[in-house]
Amino acid sequence: DAKTTQPPSMDCAEGRAANLPCNHSTISGNEYVYWYRQIHSQGPQYIIHGLKNNETNEMASLIITEDRKSSTLILPHATLRDTAVYYCIVRHTGANSKLTFGKGITLSVRP
Amino acid sequence: GAVVSQHPSRVICKSGTSVKIECRSLDFQATTMFWYRQFPKQSLMLMATSNEGSKATYEQGVEKDKFLINHASLTLSTLTVTSAHPEDSSFYICSAYSPANSGNTIYFGEGSWLTVV
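Keeping their order, the protein sequence lines are chains E and H. Be aware that the first sequence starts at 1, since it is given in our numbering, and climbs by one per residue. Be aware that the second sequence starts at 1, since it is given in our numbering, and climbs by one per residue.
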């Protein structure tokens with residue numbers, strides 16, 4: 001699976017949008033972009049995934065560039081409970097396709 | 001999303017004993033389950049992939065005789081840490097997946113803290 005690159009950390013103010021970038025320049029055509037987050041001492045929580053179109057659900061929006069080499073996860077109105085490590089992972093969806101975690105980006109939401 | 005549950009959430013065992021951690025998919029049948037380990041301030045590291053009814057596939061460097069994985073049914077996988085030592089103390093996390101039932105998404109359990117004393 002292609003590797004992803006994320007900045008180590010960022011912060012944003014409560015109530016503002018949090019835009020988390022991810023680079024995946026070696027992504028191949030059958031690989032999806034997945035986002036998970038891990039709040040301290042808990043298992044990862046699925047947020048959203050996409051192939052090439054932008055996606056939105058009740059938690060976030062995922063914007064994928066046209067060349068698919070990068071993406072941005074948007075939390076539209078960050079709250080203190082969104083403070084977590086966010087992982088951007090590229091994965092194909094064949095049998096036994098696994099999630100390989102990098103270091104992720106630590107998002108700190110400040111009051 | 002789908003629900004994956006682990007038990008116990010925390011366990012303390014004595015050095016040299018074995019401890020079993022269960023992972024259950026509560027609302028879907030999981031053909032594949034994954035086991036991860038996470039040390040403090042580090043990322044998740046995949047230990048093994050298990051498919052229902054077959055032997056687990058272990059990642060390089062993970063001792064299969066020490067970390068026994070059983071995936072006997074479509075809703076249950078177990079990880080047994082045999083002859084545990086203090087260095088096995090870690091956060092163990094399972095995840096479950098089924099192309100037919102969970103779509104393209106892998107769901108994670110809450111994790112299990114193991115402390116070996």
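Because the hints were derived from the structure by calculation, they are not lab data. Source: prediction; values computed, not measured. Mixed in with the good hints, there may be bad ones.
[Unchecked claim] Restraint-style ranges between C-beta atoms, simulated for each label pair: (1) H:7 x E:5: 28 to 38 Å; (2) H:3 x E:23: 25 to 35 Å; (3) H:55 x E:42: 42 to 52 Å; (4) H:104 x E:76: 48 to 58 Å; (5) E:15 x H:65: 21 to 31 Å; (6) H:117 x E:77: 40 to 50 Å.
No residue lacks a Cβ here, since even glycine has one placed at the ideal position from N, Cα and C.
Here's how the hints hold up against the structure:
The hinted range of 28 to 38 Å is satisfied by residue 7 of chain H and residue 5 of chain E, whose Cβ atoms lie roughly 36 Å apart. Remark: the range hint 25 to 35 Å for residue 3 of chain H to residue 23 of chain E is upheld by a beta-carbon distance near 32 Å. Look at residue 55 of chain H against residue 42 of chain E: about 30 Å separates their beta carbons, and that is not inside 42 to 52 Å. Range check, residue 104 of chain H to residue 76 of chain E: about 24 Å between beta-carbon atoms, so the 48 to 58 Å window is missed.
A C-beta distance of roughly 52 Å is found between residue 15 of chain E and residue 65 of chain H, which places it outside the suggested range of 21 to 31 Å. Between residue 117 of chain H and residue 77 of chain E the beta carbons are some 44 Å apart, a value that agrees with the proposed interval 40 to 50 Å.
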